Amino acid sequence: MTKHILSVLVENKFGVLARISGLIAGRGFNIDSLAVGETEDPTVSRMTIVVDGDNKVLEQVKKQLNRLVDVISIQDLTRGEYLERELILAKVSVTAKTRPEVVDIARTLQAEVADVGVKTLTVVLVGNTTKVKTLLDLMAPYGLREVVRTGRVAIGRDGAANAG
Amino acid sequence: MKKMKGAQILVEALKREGVDVLFGYPGGANLPIYDALYDSDLKHILVRHEQGAAHMADGYARATGKVGVCLATSGPGATNLVTGIATAYMDSVPIVAITGQVRTYLIGNDAFQEADVCGITRPITKHNYLVKDVRDLARVIREAFHIAATGKPGPVLVDIPVDIAQAEHEFVWPEKVELRGYKPKRFEQGHPGQIDKAARLIVGAKKPVVYVGGGAVMSGATAELREFVDLIGAPVTTTCMALGIYPEDQPNSLRMLGMHGAAYTNYAVQYCDVLVNVGARFDDRVTGNVKTFSPNSKKIHIDIDPASIGKSVAVDVPIVGDVRKVLKELIAEIKRIKKKPDTAAWWKQIREWQQKHPLTYEKNSSGKLKPQFILETLSEVTGGDCLMTTDVGQHQMWACQFYRWTRPRTYITSGGLGTMGYGLPAAIGAQFGKPKERVVCLTGDGSFVMNIQELATAVDHKLPIKTVIINNGYLGMVRQWQEMFYKRRFSHSGIRPPDFAKVAEGFGAKGVTITRPEEVKPTLQKVLADDACWVVDCICDESEKVFPIIPPGKAIDEMIMDMA
Numbered sequence: 001m002t003k004h005i006l007s008v009l010v011e012n013k014f015g016v017l018a019r020i021s022g023l024i025a026g027r028g029f030n031i032d033s034l035a036v037g038e039t040e041d042p043t044v045s046r047m048t049i050v051v052d053g054d055n056k057v058l059e060q061v062k063k064q065l066n067r068l069v070d071v072i073s074i075q076d077l078t079r080g081e082y083l084e085r086e087l088i089l090a091k092v093s094v095t096a097k098t099r100p101e102v103v104d105i106a107r108t109l110q111a112e113v114a115d116v117g118v119k120t121l122t123v124v125l126v127g128n129t130t131k132v133k134t135l136l137d138l139m140a141p142y143g144l145r146e147v148v149r150t151g152r153v154a155i156g157r158d159g160a161a162n163a164g
Numbered sequence: 165m166k167k168m169k170g171a172q173i174l175v176e177a178l179k180r181e182g183v184d185v186l187f188g189y190p191g192g193a194n195l196p197i198y199d200a201l202y203d204s205d206l207k208h209i210l211v212r213h214e215q216g217a218a219h220m221a222d223g224y225a226r227a228t229g230k231v232g233v234c235l236a237t238s239g240p241g242a243t244n245l246v247t248g249i250a251t252a253y254m255d256s257v258p259i260v261a262i263t264g265q266v267r268t269y270l271i272g273n274d275a276f277q278e279a280d281v282c283g284i285t286r287p288i289t290k291h292n293y294l295v296k297d298v299r300d301l302a303r304v305i306r307e308a309f310h311i312a313a314t315g316k317p318g319p320v321l322v323d324i325p326v327d328i329a330q331a332e333h334e335f336v337w338p339e340k341v342e343l344r345g346y347k348p349k350r351f352e353q354g355h356p357g358q359i360d361k362a363a364r365l366i367v368g369a370k371k372p373v374v375y376v377g378g379g380a381v382m383s384g385a386t387a388e389l390r391e392f393v394d395l396i397g398a399p400v401t402t403t404c405m406a407l408g409i410y411p412e413d414q415p416n417s418l419r420m421l422g423m424h425g426a427a428y429t430n431y432a433v434q435y436c437d438v439l440v441n442v443g444a445r446f447d448d449r450v451t452g453n454v455k456t457f458s459p460n461s462k463k464i465h466i467d468i469d470p471a472s473i474g475k476s477v478a479v480d481v482p483i484v485g486d487v488r489k490v491l492k493e494l495i496a497e498i499k500r501i502k503k504k505p506d507t508a509a510w511w512k513q514i515r516e517w518q519q520k521h522p523l524t525y526e527k528n529s530s531g532k533l534k535p536q537f538i539l540e541t542l543s544e545v546t547g548g549d550c551l552m553t554t555d556v557g558q559h560q561m562w563a564c565q566f567y568r569w570t571r572p573r574t575y576i577t578s579g580g581l582g583t584m585g586y587g588l589p590a591a592i593g594a595q596f597g598k599p600k601e602r603v604v605c606l607t608g609d610g611s612f613v614m615n616i617q618e619l620a621t622a623v624d625h626k627l628p629i630k631t632v633i634i635n636n637g638y639l640g641m642v643r644q645w646q647e648m649f650y651k652r653r654f655s656h657s658g659i660r661p662p663d664f665a666k667v668a669e670g671f672g673a674k675g676v677t678i679t680r681p682e683e684v685k686p687t688l689q690k691v692l693a694d695d696a697c698w699v700v701d702c703i704c705d706e707s708e709k710v711f712p713i714i715p716p717g718k719a720i721d722e723m724i725m726d727m728a
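Protein sequences, first through last, are from chains A and B.
Numbering follows my numbering, in which position 25 of the first sequence is assigned residue number 25; successive positions increment by one, without gaps.
Numbering follows my numbering, in which position 484 of the second sequence is assigned residue number 648; successive positions increment by one, without gaps.
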């Protein structure tokens, strides 16, 4: 199984997210994450969909999405060079003793310490999948109280050939 | 410019789209639309149940190739359309369904007769619209017809709240449709390189088979298909969606394939070396077990919908395009190559299979009426000059097998969804679309009662539709599966039918009941010659089964031929 990042341009209208998520659920495709936001053109939104599956599954996902009238275009970013980032908020359990260690790990990974409480500490990290995983692995022993992730967003690199 | 109400804009837009008839039922949320229809010369057919309206629009569309239109109110009216919309979606039938909706400010409030119809129909429509601004209405209707009719056709729903239908605005008809996410024309012309590959594969074939589906009918490719088949001298088989596109009385025809196809047809498909799929979709009723389906053939697949190619069966030469256009190019290319497949040995093999495993039934076992005999007689009496709609089950398959299909768009059936209750309303829609055709609704005693209320609609409009019931007191196909695969445990498949002839009379139609073989021909001749709406109740042998049958999960050459 390989992961593919699909960058999908859609009409920025009500109901479009429901159409896409409904199609994905109805056809039984597995997705890792889905992130939506307006683009430089306010009438267009971009969805970044991370799909799990072999090439046959991916072809079907792309073709089925393409059938939707509100889908303008689909790019498989994993076919070329791309940049990807995810934002993660992690609330970690701390004691007076472990707090400096947690802050230290956050700093090393260039994560921001966004909130400090008596029993918890919240860090914010923007990074690729590897970096997000490292943060979670390192924080896990202290106790992850709550984790909030945006899902991945990605963009093709300048000059890179990104075939549809 | 003069202002019009939303409802009047709708009516005007329907006229601009060339709508000549719509099927519907009024209620609270579409009253403004019905008020506008009151002043209009648009022909409206009042149905007896909204499901009937959707099937009528569908039957009209299949018979004519034009977009069918149905109209319902919000909530229950709209949800009653759902089965009809899903039926059209599965068979790629262009219909536009218009529903009333509660006022915009009430949407989401669980208002009286409110249902989220766009939400409900999202997976069973090609596209749908909730109109939230009267300024969008004309454009939306234009787009709805465009989307329904182009590319791979399908149903489009337009949901119009009461206040939008009442709001006033000028009528502005868009010059053309512009949808940046929907460009079906892009796919119409097949890729020349792929067509070239296909042509070379075909002329080099020793054992070709042409397998034709509903896409060929929709693209209007009858002439091209016949030319193509005759040019390469290949056997041709069709799904039930394409019956008649190639005349079954011609020697190249192998008639229908699949679960209840002829044995010789399934053998040919299984052992061919080149399989040319023309607008079909390798449906599970055709392939049986996909893993063992036609294992040694190179497969060419022509389809307007890229998503239909490679979905269930891997294809060697995919050609995305309009069937008619692609066939034209393919014919030209084969003519350029000046070579034809050498099929003499292949035909010899097929003729042997045909001799050994003809499509037949036990003719004189019980003295009871045989459904197959009724279909054969109907075929003989009409000479193929009839348009038949069916319901779903055994009768539907016997019609495929024992009627000789010679013209496209004359066998109208719910192939994909398999909707019982489709036949009668589809017949009504087809009759409105084709007033000169002799329309026969072939049904079963189970299916018929599912939308029997539409007899009232048929009688109202003096439609000369003939309903022929294969009445065996059972849900026959369910009974057959229980007998063959569930140890004869006939769980709830017995169904006591009413006296259909009397029921017909109650609706103002004419009814007759027959029980003996010798009554079949004279009765059919009599009712077909009559202008009235008739119901012919044929009391049949309940033990009769549809053979051959490919058992579930088996390969297509593992058919059961009979119970012996």
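Treat the hints as calculated values from the structure; they're not laboratory data.
Just so we're clear, the structure is a prediction, and the values are computed from it rather than from any experiment.
One thing to keep in mind: the hints can contain errors.
What the hints assert, rightly or not - Below, a list of computed lysine-lysine pairs in the DSSO-like style, where the Cα atoms sit at most 30 Å apart:
#1 A/K56 with B/K527
#2 A/K62 with B/K349
#3 B/K361 with B/K527
#4 A/K63 with B/K349
#5 B/K455 with A/K62
#6 A/K13 with B/K296
#7 B/K598 with B/K489
#8 B/K361 with A/K13
#9 A/K62 with B/K499
#10 A/K13 with A/K62
#11 A/K13 with B/K512
#12 B/K347 with A/K63
#13 A/K62 with B/K361
#14 B/K685 with A/K56
#15 B/K527 with B/K512
#16 A/K56 with B/K316
#17 A/K63 with B/K361
#18 B/K598 with A/K56
#19 A/K63 with B/K489
To see whether the hints hold, each was checked on the structure:
A hinted pair counts as satisfied when its Cα atoms are at most 30 Å apart, and A/K56 with B/K527 does not qualify at roughly 48 Å. Our distance criterion of 30 Å between C-alpha atoms is met by A/K62 and B/K349, whose separation comes to about 19 Å. Proposed proximity of B/K361 and B/K527 is contradicted: the alpha carbons are some 47 Å apart, above 30 Å. Taking the CA atoms of A/K63 and B/K349, the gap is about 16 Å. The hint holds against a cut of 30 Å.
Note on B/K455 and A/K62: the hinted pairing holds, with a Cα-Cα distance of about 24 Å set against a maximum of 30 Å. For the proposed pair A/K13 and B/K296, the alpha carbon gap of about 12 Å is at most 30 Å, so the pair holds. For the given pair, B/K598 sits about 26 Å from B/K489 by alpha-carbon distance, which is consistent with the 30 Å threshold. For the proposed pair B/K361 and A/K13, the alpha carbon gap of about 42 Å is over 30 Å, so the pair is violated.
With a C-alpha separation of about 36 Å, the suggested pair A/K62 and B/K499 falls outside the 30 Å cut-off, and the hint is violated. The suggested pairing of A/K13 with A/K62 holds, with an alpha-carbon distance near 20 Å, which does not exceed 30 Å. Proximity of A/K13 to B/K512 is assessed by CA-CA distance (about 60 Å); at most 30 Å being required, the pair is judged violated. For a cut-off of 30 Å, the pair hint linking B/K347 to A/K63 stands: about 14 Å separates their Cα positions.
Only pairs whose Cα atoms come within 30 Å are accepted, and A/K62 paired with B/K361 is accepted, the gap being roughly 25 Å. A C-alpha spacing of about 53 Å is found between B/K685 and A/K56, which places the hinted pair above 30 Å, so the restraint is violated. A C-alpha spacing of about 28 Å is found between B/K527 and B/K512, which places the hinted pair at or below 30 Å, so the restraint holds. Only pairs whose Cα atoms come within 30 Å are accepted, and A/K56 paired with B/K316 is accepted, the gap being roughly 22 Å.
The straight-line distance between the Cα atoms of A/K63 and B/K361 is roughly 23 Å, inside the 30 Å bound, and the hint therefore holds. The hinted pair formed by B/K598 and A/K56 fails the criterion: a straight-line CA distance of about 43 Å is larger than 30 Å. Distance hint between A/K63 and B/K489 is fulfilled; the C-alpha atoms sit about 22 Å from each other, no more than 30 Å.
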